Every structure is written in structure tokens, then in C-alpha cells.
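**Student:** Spelled out from the first residue to the last, the chains are:
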Amino acid sequence: MTAATYRPPGTGSGSAWGRLPISTKQIIWAWAFLALPVIFFTVVRFYPTIEAFYISVTDWDLLNEAKFVGLDNYRRLFADPVFWQVFRNTFAYLIFGTPIAIVLSFAIAYYLDRVTVLHGTIRALYFLPYLTTAAAMAWVWRWFYQPVPIGVINSMLSTLGLPTQPFLRSIEQALPAIMATAIWAHLGFQIIIFMAGLRAIPTSYYEAARIDGLGEGAILRRITIPLLKPTTVFLVVFSSIGFLRIFDQVYNMTSNDPGGPLNSTKPLVLMIYQTAFSSYQMGYAAAQTVVLFTILFTISMAQLWILRSR
Amino acid sequence: MNLMTITRRSLHRPLVAAALALGVLAGGAGRAQAVEIQYWQYVFDTRVQAMTEVIKQFEAENPGITVKQVTFPYADYQTRLIAAKAAGRSPEVMQLFYGWLDTFIAGKLVQPLSKEAFKDAEIEKDFFPIVSAMKRNGEYYGLPTAVRAMALFYNKDLFQKAGLDPEKPPKTLDEFVAAAKAIAKRDAGGNYQQVGIALDIARQDHNWWREILVRQYGGESYSEDGSKVAYNTEAGAKSLEFYTGLQKVHRVGQESFMDEGQAAFRAGLAGMVVDGTFRVASYKTIQSFKWGVAELPTYDGRKANFGSYFANAIAASATGEKKAAAEKFLQFISSEKAMKVWLEKVGELPARRAVAMTDANVNDPIYGPFIRALSYASTPPMVDEAQQRQVSIDMINGVLLKDIPIKDALKVAADREQAILDKFKAK
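From first to last, the protein sequence lines are chains F and A. Taken in order, the first sequence gives residues 22 to 331; the numbers are from the numbering used here. Taken in order, the second sequence gives residues -15 to 411; the numbers are from the numbering used here.
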């Protein structure tokens, strides 16, 4: 083995590392760098997730030893009228919030794409709310919705001689009022992503369509919307997860009575938060978390499947 | 913060050893061993300053003991205490709301006060009777420095403008409604421009209804031992009808006017508001109008009030010299001296009669009505303050927003709250 004598010093003749092929070394290096985030995610994400499943079958209350109680927490949850109310609220945010947000942001992006005057400024204005702290924004909207004399919306209604609205103090209006805030908060982000998607469609397609004499409506239906599908799928999934996890807006806009009058705006995440951190019923809260996890997982998978490219 | 304590402790150890060695060399001239205990409370500027002052005085009198004050925002405070217990790092002395006591005893966070250091007879003689809310099975679990009561705050300027005598606040609920009607103003569209009474269910009004109005109408909120909900009666119904009637019938105020009741009062747009001692410091900064405090209006001549407090207790984990130090500290912070500092700096009422019932205090235009109320205030036991409060809030909202009949709303609330009490007792 004369080759051994030509090895650079330090690698050590016959060491295990030295004998590995370059490609294997690269894989080992890659894993060495990946190890940190993998360990991090295992410790702070995957382990607690699995632990939550275990806690959900115990009566742990932070103070006393956890006892195994089987499916008691789930039985109690499904028999709890507040849970079903919260369940309906969560789906109301999702079912109304996501389509409104997607259609609105697409419409704005579609027309903003054609605006050349002050394009950057208008885009920045739409994006601005996304940069604002959710809590600060929620409080500003909370004030918008107040009765006269401090509520801006009601003051305008009153000036116009229209009847003022209770908004956050109404069991019917409180949820839509909060939903509007949540939609507005994420609009900027969705517009930017839609615009990036629009810009990515080759202009040659449009030129060809125009030469063939297609109208604007047909171009929108036949070219723009189909080619935007990957963007739309991403935004639908992203926005759905956002609405299913809604918390900041609700908590801050109804902090006097978190979850609105008679739980009219309470989403699942807020119920989990209150069960865990005001009542310290960790087992019961974990059961709610498992239910939320299942819903999120099912809906995300269903959306990916429905909107998949054939 | 914990890391700091660890490093400090490890720094202290060689020092303590050196001091001990010196002590031995000096022929045991004195005990040089320093005991460090921790005291936890929530962040509230004046309370933290008052406690810093009290600790300074305590350390001067007890050179062998150092007290480290640790504070947390109120929203996290209870969670921190419970998490610290789970981690085995409870502070030796902690401040807790009286309504948390049952949870804390069940979770073994606190220990009963020793009968030698804290004599029952002395506690009962020296403190206001509401201190009994810290007693379970014949043992006291903590003592307050200061106590709170409720009163009627009223805007003297608005009284005058409405043609009422600003020096004669309403004494009965009828006078109260009449005054509120005189002050409330609405525009052509029916929107309030100014309310007679600022209403805020979630802050103090749920207490006003459950602990005060129910009693004034001749009922009780809970059974003597606190195990049964007792407001599902004629008195409960009448008092709930009165409270919700302020918005539905008399139309003298509106929940969420100016977002919060105290904000409406501060802005000078509310004639009156029912609030606690803790609001005094904030209202004292009002520049734009004159205000006064009165004892709560009565019904049928009956007076009632709701006394509450944050008490100080010793952690179940404290033993040996730390426990001895904790006892000394607890004695000090519930002494007359500490209470004087507290009244001066925080403006909360002293828990000892001797400090509170001085002529100057009883006749004080602001503190007087609160202090006079302490002798008839009651403090009901609570097992889960947040959930029990929610029951009352939902009941009132059911009547206001869904027009649920009073008796039905009352029954649903009583059943829900009874279930909370039963569930806790079953543990």
C-alpha cells in the first residue's frame, strides 16, 4: 500500500474517516449540520406533541401526580355544550374567513398588478398591517367597534343618521367583527404572494391568447386562475390553518370577557388556553389540543388532496 | 432569575463559610449565618415600592435574614407560583389572592401558620373578620397586609350639573336610580352621550351583584360553609332584576360604554361607578373634575359589602431555618408598622383594626366609606375565581343580550356554579 505514504498529515493512515468516500463524508457533514435543528425540533416540537397525547388521558392539574383516566377527558369534552359552541365558532372563522380572504386578496392583487401609478406605495400600504403587532392592531379595531362617543364606525353611522350597532357586545355581530379584523390583518401577505404568482405567469401566454382574440374574462378563467393554482393551494392551506388557530384578535378584542359575550367569539385555541392556564386542567386542555390537532391535520390533508394537481 | 439565585447562592457559600470560621475564631461572638428567603408578589408599582421599603426595615431589625423580592406580571403570576411548585422552587413567602387558597392547599403549595408564632385569638381580635377566609379546618393559612372593599365613586361636577347636591350622594338604591336618571344623557338616536352609572360586568359588577345586591335583597350568595350556591332564591331574582334593569328598564347606563367602566368615569362621562379601594390611586390623578366616595346605596336599610384581599402565606416546602425566617418575615409584613407603610404608599386599607379604625381614617372623605364598610363586609370562599366569575358574567349577559327570563338565567347559573363547587370538593 504505497498510497498510504502520500496521504496528507493529520488524516492518519488507515483511520476510518480517511477511508470514507467523498460522497459519504458529504452526507455525514450534512447530517452533522442538520442534527441541531433536528434535535431542537424533536425536543421542543415532537416530544411535547406526543406527550400531549399522553397527558390527554390523565387528570394532571400541574399540582398533583397525574392519574390515568382513560378517555374521560374526551367524554367530558364531547358532552360540554361550550365545546360545541367553540367548535362552531372555529369553523365559522374557517368557512367564512378563508374564502373571503382569498377572493378579496386575489381581486386586489389582480387589479393592483395593472396599476402602474404609485404601485409600490399602494402595495406597501396593503402590506403594512401584516407588519403590525397583532395585539396592537386588535386594540385599534376594538376601539373602532366601540359605541359612541369613542367608536369611529358608530360615530359615522350616527352622523349619517343610521342606527348604531353593538358589534362586539352582540352575540350575532361579534364573531364577524373579529373575523373582519383577522382578514384585514393577513390581507397584505396574501396580496404579495398572489402578485408574485401573477408575475410568474409568462407574458407570452397572454400575448398568444390576445392574438387568438380571447376576452379579458376568458383569459382570467382559462389562463390566470389555472396557472395560479399552486399559489392558491398554498394560501388556502396557510389561511385555513391561520383561522383554525385564531387567538390574538379574539383575546385582545374581548379581554373584558375573553371569548365575547356568552362565548360568541371563542375559538378552540382560547378555550385550550383558559382550560390550561386559568383552570390548570392540563389533562382536559391536552384532550382539546388533540382534537384541534386532528382537525388541523384532517383539513390540511383534505385541502392538499382536493387541490392537488392531477 | 433562577440562574441569578443559583450563582448568588454559590457565591454566598464561601462567604458564609468564612464568616462562620471567623465567628468560631472570635469565640462564637454571634450568629453570622445569613438566611436568604424569597418573597413573590405581582408587579404593581406602588406595591413593589412599599414592599421594598418594608423589606429594608425588616432586614435592619433582623440582620441574619435577607429577603429577595421577585415579581411577575399579574397575568402570569398565579401560573408562575404553580409552575414553581411543580419544579420544587417555591418562594418561602408568597402573596396570594384569598380566592386561590383552596387550590393552593389542595396543590400543597402553602402550609398552615404555626399556632406558636401566630395565635388564633390574637388574629381574631386584631384583624378584620374577613381574615377568616384564610382559615380552613381551624388553621390559618396566611395573613393580609391590606384589605379591599367596595364603594360608590361619584362625579361631583355631574351631580351639580344635573341639579343634585354634590355633597349628598344617594343612600338607597331608589335614590341611586333617581340620580342616575338625572345624569344620563342620550342623543336623538338613543346613543348614550353620558351615563348615570358606568357598568362593567367583568370587573366589579359581578361582585356587586353576587356579594352585595343579593344580600341587600335579603338573600345569601353561598351557604355558611361555602359548599352550596344559595342565590337561586327570590332575593337573587330581585337583585338580578335590579342590576339588569339599570340597562333594560331605567336605561341609565350601558355595558361597554367607553369600553370600560373605569374609563367612562375617568373621562367624566359617568355620574357614578361601583369600584374598589384599588381604584383610588388611579382616580386621584383625575384633574378635570371633582369626585367623591360614598358607602354603597342600601336596599330596605340593609348594608352589605364585599371584602377581598391578597394575603401572604408560607410555602409548604419551607422548613428549618428558612421556615423560621419566613415566619418572622410574615409577622413583620402583617404588623402595624408594615400596614402604615402600605396605606401611605399603596393606599390600600390596613387589615388590622387598630391601624385602620383611627379617627383620621374613619373620617377620611375617601378612605372613610371603605373602612366603615369593612365591619359589615363579607368574603365568601371561592374555589375557582375565574370560572365562578364567568358564570355570573354569562348569567347577566344571558338576560341582557338574549332576553332569558331572570329565573331561568339564575337557575342555570346556580347549577353551573354548584357543579364547579362539587367538582372541587370531590377532589
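Quick caveat, the hints were computed from the structure, so don't treat them as lab data. In this text the structure is predicted, and so the values were computed from the model without any measurement. Be a bit skeptical, because a hint or two may be false.
[What the hints assert, rightly or not] Within a straight-line C-alpha distance of at most 25 Å, the following computed BS3-like cross-link-like pairs (lysine-lysine) qualify:
1) A:Lys409 to F:Lys88
2) F:Lys88 to A:Lys92
3) A:Lys407 to F:Lys88
[What the hints assert, rightly or not] Some, not all, of what chain A presents toward chain F, calculated at C-beta under 7 Å:
4) Asn345
5) Pro349
6) Ala370
7) Asp378
No residue lacks a Cβ here, since even glycine has one placed at the ideal position from N, Cα and C.
**Student:** Work down the list of hints and note, for each, if the structure agrees.
**Tutor:** To see whether the hints hold, each was checked on the structure:
no. : hint                : in the structure
1   : A:Lys409 to F:Lys88 : holds, 18 Å
2   : F:Lys88 to A:Lys92  : holds, 17 Å
3   : A:Lys407 to F:Lys88 : holds, 16 Å
4   : Asn345              : violated, 33 Å
5   : Pro349              : violated, 30 Å
6   : Ala370              : holds, 4 Å
7   : Asp378              : holds, 6 Å
Checked against the numbered hints listed earlier, the structure breaks hints 4 and 5; every other hint is satisfied.
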